[in-house]
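*Asks:* Chain residues, written in single-letter form:
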Amino acid sequence: MQDLPTAVLLELAKVGETTSVNLAEAFNLDVQRIVGAIKSLESLGDVISTEIYQVKKWQLTKEGEEVLKEGSHEARIFSKIPAGGIDQPKLMASCGAWGKIGFSKAMSNGWILIQKTNPQGAPTVQRKIDSIEDQVKAHLYLIKSGKDSSVDDKVKGDYKKRKLLEEVTEKHYRLRSGPNFTTKIEKAPTELTPEMISSGSWKTTKLKPYNLDALGMETGAGCLHPLLKVRAEYRQIFLEMGFSEMPANNYVESSFWNFDALFQPQQHPARDAHDTFFISDPQTSNRFPEDYKKRVEKVHSKGGFGSQGYGYDWKIEEASKNLLRTHTTAVSARMLYRCAQQSKFVPQKLFSIDRVFRNETLDATHLAEFHQIEGVVADYGLTLGHCIGVINTFFTKLGIEKLRFKPAYNPYTEPSMEIFSYHDGLGKWVEIGNSGMFRPEMLLPMGLPEGVNVIGFGLSLERPTMIKYKIDNIRDLVGHRVNLDMVKRNPICRIEKAGDPEERRIQMLNKRFDKIEERLDFLQKKMKCLGVKPVAASALPVGEGASLDVIVKSKPSRSPFSLAAMLKLMRKTFKISTSTHTHSSVDKPGSLKLPETEVSRASADIRLTLIYADVDNTVVTAGQTRIQGEENVLRYLARLIDQKTDSGLYETLPTAQVAVIDSVLDRLVDTSKHNVTTTVSGLINKQSFVAGGKLTLADLLACSLCQQHNITSPGIQAWSKRISKQLEL
Amino acid sequence: MPTISIKREVLFQGLGQRYTEEEFDELCFEFGLELDEVVTEKDDNGKEEVVYKIEIGANRYDLLCVEGLVRALLVFQSKISIPKYELSKPGKLERLEVDPSVDCVRPHVIGAVLRGVTFTKERYDSFIELQDKLHQNLARKRTLASVGTHDLDTIKGPFKYMAKAPKDIKFVPLNHTKEFTSAELMELYSTDSHLKAYLPIIRDSPVYPVIYDANNVVLSLPPITNSEHSKITLKTKNVFIECTCTDLTKGKVVLDTLVTMFSQYCTKPFSIEPVETVSKGQTSVHPTLKYRTETIKSESVNGLVGVNQTPTEIATLLSKMCLESKVNKDNTITVTIPPTRHDVIHPCDIYEDVAIAYGYNNIVKTTPQTLTVAQQLPINKLTDQLRESVAQSGFTEALTFSLCSRDDVAAKMRKKIENIPAVHIANPKTLEFQVARTALLPGLLKTVQANRKMPLPLKLFEISDVVHKDLGTEVGARNERHLAAVFYNKTPGFEIIHGLLDRVMQLLEVPLSMDKSTSGYYLQSSEDASYFPGRAAEIVAYGQVIGRLGVLHPEVITGFDLNLPCSALEINIEPFL
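Top line first, the protein sequences correspond to chains W and G. Reminder that position 305 of the first sequence reads as 305 in the numbering used here, one-by-one numbering, no gaps. Reminder that position 213 of the second sequence reads as 942 in the numbering used here, one-by-one numbering, no gaps.
Extracted from the complex, chain W is given alone in its bound form (with noise of 0.2 Å):
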């Protein structure tokens, strides 16, 4: 006998065409087998051509299936009772959970009676009439075998209710042979072979084409962690800018090293238990550079080195205690020693990325311990504007450029500033660092020459990462608590790019637009040479399902205000998602914001993007379009509402009318604020709107230019409400 696919094709040849169903009866085969024959069919091309339909038939629940099986629970409580009649307690207990409602049922239907013959016994059940027919299970049976078109509907609806029936949707497939149709199957083979490539037959078999829809399988390969992935790019980052590592490798530092190096006070906050870890075993430390120590004691005490000090008793067991460091610049320090014990003064950058402790209250975003990345710079003259241009330098390789810098205190360095970074996603300035220039109470004392100046800037690893990652629990991120499955899908770490994903959808159509934009620069200047004239461009077909990328470039001095209202009318035809976007070109974005619409970027027909840069001229990028100038944007976006329905703006009005309202555009070219206020004043002197009596393509751009130039005569503020309002309509 021929497989079943075979056999499906050879029955569609007689029959031409068929059902799921009808295969399943003339085959006397379960319809699931018959789908897998029809789907196996589906893969080979175009042999055979399908088409869901959905069928709405009644099923048999598990409890209707016991009834097939059993009989009705009413028939089944008849059948129990004896002739001679039945305890109703020991009726009940011989039944399952199905006794009850089956009694209730025998009552209702007549077949049984309940005889109180003894007041102090149970009541006994008698057979009221002598046999009975078991209506529930024939129905059910009827429905089983695909008649239930003889049962009545509302008898169906009632065993619904005692949950006997179930109503199922059912997908059945309509066959016809398609173009390839045959009945000879040729069993693709699914892989190449090593016999494929040897015998040659690869260049006549026809390989079972994949399904590009499913997942690849996973690589199963070892990970690296992302908090370190990210160490890796801050270690890189200075390593470009000449940085050197410190060893950072001695989490147990002396009070000396961390705090009394320093010149931070020994009554310093910092130095509480409350903030610090301090060690019982081993609890001290004492072998410091007897003369270094003494500098350091004198310089706390008494001042000297031009310093007032802090007029106070140093004692040497302060700073003999032992501590888990509570920051790198323990580290720095001693580096800055070792380096002023050298001979001659070497200059030095230096840094580290290692952890560091603290005895605080542990939240969502703070532990015990974390990575402290640190920033030493030690030269003569350096000066605080070295300070900042080193931090602009670093966290401009961060990919990050908007900074600014705030007065701090902090007891080691002087000049001290906390760093700012201006967050587009939060649209605030957080802080993201400390930095400063150590004081020379710190630094005299080690023995460095006088004018050397030593830059310090520092922040946490953990902060930055846990903001790129959307990460909102410290512990989703370190420690053994992390989920592996976050390691596994942890991209590679590009720090430098943008955080956010759309973001960088939309550099990457950018990038795209660029090259589109270039290569129709070179085929302009090629057709002017041959000199064929260039045709206007027309707006491209919004289809249905696809969607379109429109992205609007314009100059935030020049925001292109027109852009709003189109949006108003363009939102009554098609579905539209914004955003507004400020390309690194420009300091700062202009006053427009696309309001925001409820549509998903998934969902939009059109997706309208609205990005500040450095072009001279509004310009607008759709497909392979490119249009100049705030007029033409407008035409364009016109005409995408034209092909829907009629925007009444523009093309679709008579001709003389298009005439007038292109005059005015083009009397508009000039942008300048006098030409502006001139020809808007003078046209709606006369009437309503500037292009006649009607809202046209015109007045939204007149009113766009006059909001850029802020000219705001009484006459144009009562032309402008007009607009509003006509547009709310």
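Since the hints were derived computationally from the structure, they do not count as laboratory data. Owing to the predicted nature of the structure, the values given are computational and were not obtained by experimental measurement. Please note: incorrect hints may appear among the correct ones.
What the hints assert, rightly or not - Distance condition first, Cα-Cα at most 25 Å in a straight line; then the derived BS3-like pairs of lysine-lysine:
no., chain 1, residue 1, chain 2, residue 2
1, G, K850, G, K960
2, W, K428, G, K1094
3, W, K588, W, K428
4, W, K488, G, K1110
5, G, K850, W, K497
6, G, K960, W, K321
7, G, K782, W, K428
8, W, K137, W, K154
9, W, K588, G, K1094
Got chain W sorted already, so can you dock chain G onto it with the hints?
*Replies:* Using the frame of chain W, we list chain G on its own:
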């Protein structure tokens, strides 16, 4: 950093101008303050008021009250000139006589008098609030210094500062009507949420410090409380301030700050009456309100800040920061540091004020010419290279804490804590931070435990530092860079872990020593409590034991709440540097 709460209306009234929140935030930012939060609070009459919470630099005690903040901002904006604080010269000074008995508990006292003060509710609250801020920050929770303020018209000098046995001091404390001995007060305040924190400062001392007036009326029991008798009220005109301290320098700063801020409300503003202290036959007069001068060169300022300002410009900038400055004939600048600016202890503090007044964000960014050749730390370079290679071998990297419980490194690993060279933490807040880890394996096993739901096998590794107590080093402990890996599956997979070791050795170019000599690495059977008997080996490289591998003991596995076999490896990679 301390945060102060200021009512917006009071602030704007003081500044003589209204600001939007953004404008005020901007002003704060430039001056080095941070507008932390804006909240709405109900005042005593149930009226809603907007309150600004402003973060102040920890060294600027002169900004801890609205008076000082407004004064500094107005000077910064060149709207007022810098006030001049003066000592008045009354015929007879109030006197504090110090008895030597205080030496063992709180040795110093100094005082001052503010005459003709006009209090309002706001001013009174601010006065109390400033004392509290100074107690908390500068005076380290009253341990270093504390002040008591009294209505001078209710008491009579000279005042005696002495120490007496707790039961011998008896008075009605602030906000009470009944007399208590100081011993009883210790009991009374032991449940007081505000005061109980200060009790330990004197509680165990055999004698407590106390100040009496000429009529033996108790003024205060420093640093705990004052007497109800001399309490200042809104009607008080003359305020007597006493400041007792263990650190005289801090005491002077506290007193200077308090009097310079609130002498603003005296009949003669900014005029302060000093008080003499007589101790062991020596008389000293406080506050001194000392104006200190510092002469600086414009080249030094420009050289540190990275700007190019003339001496006159620098003097103008400094005046904005309350540092009166004048340019001398030789172009040096003499800067006068007022008694409000105890934070200025070095010329570099003055340079910073120039930079702040100039505006940090107006300074031109420059790149230092410093030429250096970057060097990686060899151990970190090796670590990063090995991390890549181990991950390429199919193991996923974990990042575990360097602190853990004693049980993690000892009991759970079937070892005794006494035998482990662990560094112990003296003041852990929780069990998780009792010791610095001595091995990476416990952290890896905890990671496995937290990820039991992941598909098997779990293959994890970590290359990181452990800490060993080592009395041969300067601090008595040292870090050691370890590589550890675990394989957790239904079968122990010893061969997998062994394979990883072989791979690491291959990468480090250490050959297998077939004859178990110093020519390379080999395994030697060796029992260890953490491993299953007969399933553990030491790893010897070039004759040195560098670590261990094997199948973990079932009690270790269950100790970490696991239930499948697990093989493990941990080696020290420092010998391969």
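*Asks:* Evaluate each hint against the coordinates.
*Replies:* To see whether the hints hold, each was checked on the structure:
{"no.": "1", "hint": "G/K850 with G/K960", "verdict": "15 Å, holds"}
{"no.": "2", "hint": "W/K428 with G/K1094", "verdict": "23 Å, holds"}
{"no.": "3", "hint": "W/K588 with W/K428", "verdict": "13 Å, holds"}
{"no.": "4", "hint": "W/K488 with G/K1110", "verdict": "23 Å, holds"}
{"no.": "5", "hint": "G/K850 with W/K497", "verdict": "56 Å, violated"}
{"no.": "6", "hint": "G/K960 with W/K321", "verdict": "43 Å, violated"}
{"no.": "7", "hint": "G/K782 with W/K428", "verdict": "18 Å, holds"}
{"no.": "8", "hint": "W/K137 with W/K154", "verdict": "16 Å, holds"}
{"no.": "9", "hint": "W/K588 with G/K1094", "verdict": "20 Å, holds"}
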